[in-house]
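Chains A and B are the protein sequences, given in the same order. Taking numbering that gives the first Met the number 0 as reference, the numbering of the first sequence is continuous, increasing by one, and the terminal residue is 671. Taking numbering that gives the first Met the number 0 as reference, the numbering of the second sequence is continuous, increasing by one, and the terminal residue is 273.
Don't read these hints as lab results, they were simulated from the structure. As the structure is a prediction and not an experimental result, all values here were calculated from the model. Please note: incorrect hints may appear among the correct ones.
[As the list claims (entries may be wrong)] In silico lysine to any residue, SDA-like type, Cα no more than 25 Å apart, as pairs: (1) Lys16/A to Gly152/B; (2) Lys16/A to Asp234/B; (3) Lys409/A to Tyr37/B; (4) Lys16/A to Gly94/B; (5) Lys16/A to Ala21/B; (6) Lys16/A to Asp19/B; (7) Lys16/A to Pro92/B; (8) Lys16/A to Tyr37/B; (9) Lys412/A to Gly40/B.
[Claimed, not checked] Non-contacting residues of chain B with respect to chain A, defined by C-beta distances greater than 12 Å in every case (computed): (10) Ser48; (11) Pro92; (12) Gly94; (13) Gly152; (14) Gly168; (15) Ser191; (16) Ala236; (17) Arg245.
Glycine included, every Cβ here is placed at the ideal spot set by N, Cα and C.
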Amino acid sequence: MESLWPQIEPLLAHVTKPARYIGGELGAQQVEHGPDAVSWLLVYPDSYEVGLPNQGLQILYEILNERPDAAAERSYAPWVDMEASMRTHGVPLFSMENQAPAGAFDVLAFNLSAELVYTNVLNLIDLAGVPVRAADRTEEHPVVMAGGHCVFNPEPLADFVDCFVLGDGEEVVGELNAVLASFRTAGGDRVGAGRVDLLRALSRVPGAYVPSCYDVTYDDAGRLAGVTPRYPETPARVEKRTITDLGDWPYPRQQLVPLIEVVHDRLNVELFRGCTRGCRFCQAGMITRPVRERPAEQVRTMVSAGLERTGYDEVALTSLSSADYSGIEETVTGIIDDPACSGQVSVSLPSLRVDAFTVGTAAQIQRVRRTGLTFAPEGGTWRMRQVINKLIREEDLYAAVDAAFSQGWKRVKLYFLIGLPTETDEDTLGIVTLAKQCVAIGKRYHPSVTVTASVGGFVPKVQTPFQWFGQNTIEELTRKVHLLRDAARPVRGLTIRWHDPKATAAEGIVSRGDRRMGGVIEQVWRNGGTFQEWSEYFDLGLWTDALAAHGMTLEDAVYRHRTEHEVLPWDHISAGLHRDFLWQDWKDALAEHGLPDCRWTPCYDCGACTGYGVEHVVASAVPPAGGSQGTGQDLSSGGQVPVRFLTTAPSGAAPAAGSGGGAVALVSEGSG
Amino acid sequence: MRIRFRFSKLGRIRFTSQRDVARMWERALRRARLPLAYTEGFSPRPQLSFGLALPTGAESLAEYLDVALDPVRAVDDGIDVATLPGTLDVLLPDGIDIEEAVVVERSKDSLQQMVTSCSWTMRLTGISREDLEERVAAVLAADVLPIMRERKGRQEQDDLRPSVLTLAGAGVDQDVAADPTGRTVGLVAELSTQPRGVRPVELVRGLIAVADGAAGLSPEGPDLAGRPGRIPVLDRACRTHQWIVRDGLREEPLRGRGIPAGADRALHAMERAS
């Protein structure tokens, strides 16, 4: 492939942060394209600083480049100034490694981590010189693919993406590559001979969803009637992919270290994938089940090898709820005490549940330097937290905050959601009550502590029990924000921050749309609406104008409650969760009924394990300290749970609670 | 114990900022397991001190870094300064190359405070050698040279003339197909760094202002329309020396045994594919 560097270089003197476009990161691969390798351009549709740390993209980058029949490069959305300059000078989207034109690759594969980047996806396809609509592409164009959490409702992008891929990508990416490799053009210069046949072949790969292989029908009222396969071999329902053992995939082995500062600029090691705490608002927790822990020994190896290779002085142990990892304290202590770290490496746990955060954990992670500490009670009252199934008690929060302040932290951040189902003003104002008490606890240790309550507007997400809920209006969210602001004003040391309710509405537009939403997204993009994740570029007017132009309204698209038997645009897409399980959980939510974590209690048959014949993989038979989720029930007895315990226990791990729990269980299998 | 490094920054890596370079060094020093001395406090950082910041986009043959080592551990570990350039070079990104490393006395002034001027080699496009020579002569003959400069986010007028210590055309003209005039011209200058450092792009603005007045005052740069071949445009800039005054003599913080520094090397580096 030709290098565009001579055309790119003169542009760099005139743009902000030019090093975004030069590549050269530690860990960047020398990618050579040959006739036998399918060429992939892995694209993160947001700025370099946001996209580079994405672990999913880095994992696929390594796995593909290890294959002799694949070659993968990376690209990110050029910032607004660079894009303008590129368009003026006729420079297309290009790769980081070889500065090769995006249109020359066999595959453009997008990571979709947030809905508001959808307009950037269209923009980047266009900047690559590729028709934005899948139907307009020919053998001369790359196959456009997309993966990531957002693809669990692929319909809003179905007109633009040739093939979506659901779930864990580690295994399926190789299967896709094999199919692509078998469709070389006669000249052999690119993949894509007989594009329709190629797409049909891709649709047979489990986990792949090819929208053009499906017909969409609507009823007389204009409501979606169904999305049905066109071909006999096309699956009626596409199931996500799940890797059974994270220990088989110790990636990234060579995490990218950028030349410039990016978000999450540190070593990241994934502790486990999946979460069964069952928070009903949390899409990530629902679609990534079951829990699969990485063996503690592998975590240690990845941390020590990663620190040595990168020179980072901070490591984040990532997951959806890191304090739930079996033996988390031992793992953290092991890293900090490692002589190779010279006492200068700090550990951060990005997602902390307050009921699993102890003084011990606090003491360990602050030994080198105090990274930011954030807790997420999400709801202001116990009633609210029962509805959302975030079953942490006030005492749990106060104990965690006390642990933090007593260990020397002076600033603590709390995350909350507003606009949750059944929320009353009492629930909303409960946020200030909680935060105020946290300030009071802090003042016992230090006179000038601050507590920041970050408040986001709730967007109901697909494949969760709240997928039927009608989102709060902009006006209602704004009213609640004002309630909070006014109540917090007299409290010294308490700051309230909130997400723009207008952006929350726009996110709602795309989250649950059907295929017709594609026209809206395209219009927003055509009218200049890129980087909608960024407040300086976000423009609600673009979205409401586009909705109106397509005969849609915020009321119907965003604020309307969905009904029990309504066809949902993502019904043909499966994260393994039974629809009746989700509906039951929705009814339980409305009844303010909480549901304990199934890692340590009997199975609810949500479908994520049983449907795929996979199991939870955890090292500890008992929940972490405080892990009763406030329900007060004795979890130590366990039950017939489809849990496979790791055969190697984290060293020194001891049961944190419970009477009957012997040391670490080495059992395998409980039949589900 | 303090070690002073002299290093170059050439090629694509020039698009990184001074802060980026500092972080590259921090990571490389940790990977080399050097016993770094850390600052006190809740958020300890390695004690690194750079010379005068290099503008993003500029290259250099003369960057400096002082690294403080923990004296006890440095002795225990038997640090051999002579081996450090070899050890660290492979840990630093392409384009950052260590020229020299020596143990230096701990001085009360930072490198940044000690540097009084810098020498630069620049490559300009958009102007003929004859026109450039005219402008150079005009700058040297001028008493004052007002340009607009940014200060704390605001544009203000400043006199550039006292900061221009030397200025001359340099090197042979190069044929560059991409340039409208078909070539580039070289320029060397020594620019004072006190009270305020002058960046090459500001010097070029002065070269415009000296003949075209208001064009140089525009913070957006010159309007080139209709005047091809007359208005200089900065293509590349390379810092070749940072100068300090010691015992009344102008010298470099590290003398650079065997370092072929200077304008020729800078121009040569610019010609290499980046």
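(request) Measure nothing beyond the straight line between the CA atoms of Lys16/A and Asp19/B; if it is 25 Å or shorter, mark the hint as holding. (result) Distance ~11 Å between Lys16/A and Asp19/B Cα, so the pair holds.
(message) Check the hint pairing Lys16/A with Pro92/B against an upper bound of 25 Å on the C-alpha distance.
(response) holds, 18 Å
(request) Assess, step by step, whether the Cα of Lys409/A is no farther than 25 Å from the Cα of Tyr37/B, and give holds or violated. (result) holds, 22 Å
(message) Lys16/A and Gly94/B were given as a pair; does the straight-line alpha-carbon distance stay at or below 25 Å?
(response) Since the Cα atoms of Lys16/A and Gly94/B sit roughly 18 Å apart, the hinted pair holds (cutoff 25 Å).
(request) Compute the least Cβ-Cβ separation between Gly168/B and chain A, then decide whether it is above 12 Å. (result) holds, 22 Å
(message) Lys16/A and Gly152/B were given as a pair; does the straight-line alpha-carbon distance stay at or below 25 Å?
(response) holds, 17 Å
(message) Hint check: Lys16/A vs Asp234/B, CA-CA at most 25 Å. Holds or violated?
(response) Holds. Lys16/A to Asp234/B sits at ~17 Å (cutoff 25 Å).
(message) For Ser191/B, is the shortest CB-to-CB distance to chain A above 12 Å, so the non-interface label stands?
(response) Holds: least Cβ distance 24 Å, greater than 12 Å.
(message) Quick check for students: does the CB of Ser48/B sit more than 12 Å from each CB in chain A?
(response) Per Cβ check, Ser48/B is outside 12 Å of chain A; nearest 19 Å; holds.
(message) If we take the beta carbon of Pro92/B, is the closest beta carbon in chain A still more than 12 Å away?
(response) violated, 6 Å
(message) The output says Gly94/B does not contact chain A. Does that hold with a beta carbon cutoff of 12 Å?
(response) violated, 8 Å
(request) Find the nearest Cβ of chain A to the Cβ of Gly152/B and say whether that gap is larger than 12 Å. (result) Label holds. Min Cβ-Cβ 15 Å, cutoff 12 Å.
Checked against the numbered hints above, the structure breaks hints 8, 11, 12, 16 and satisfies the rest.
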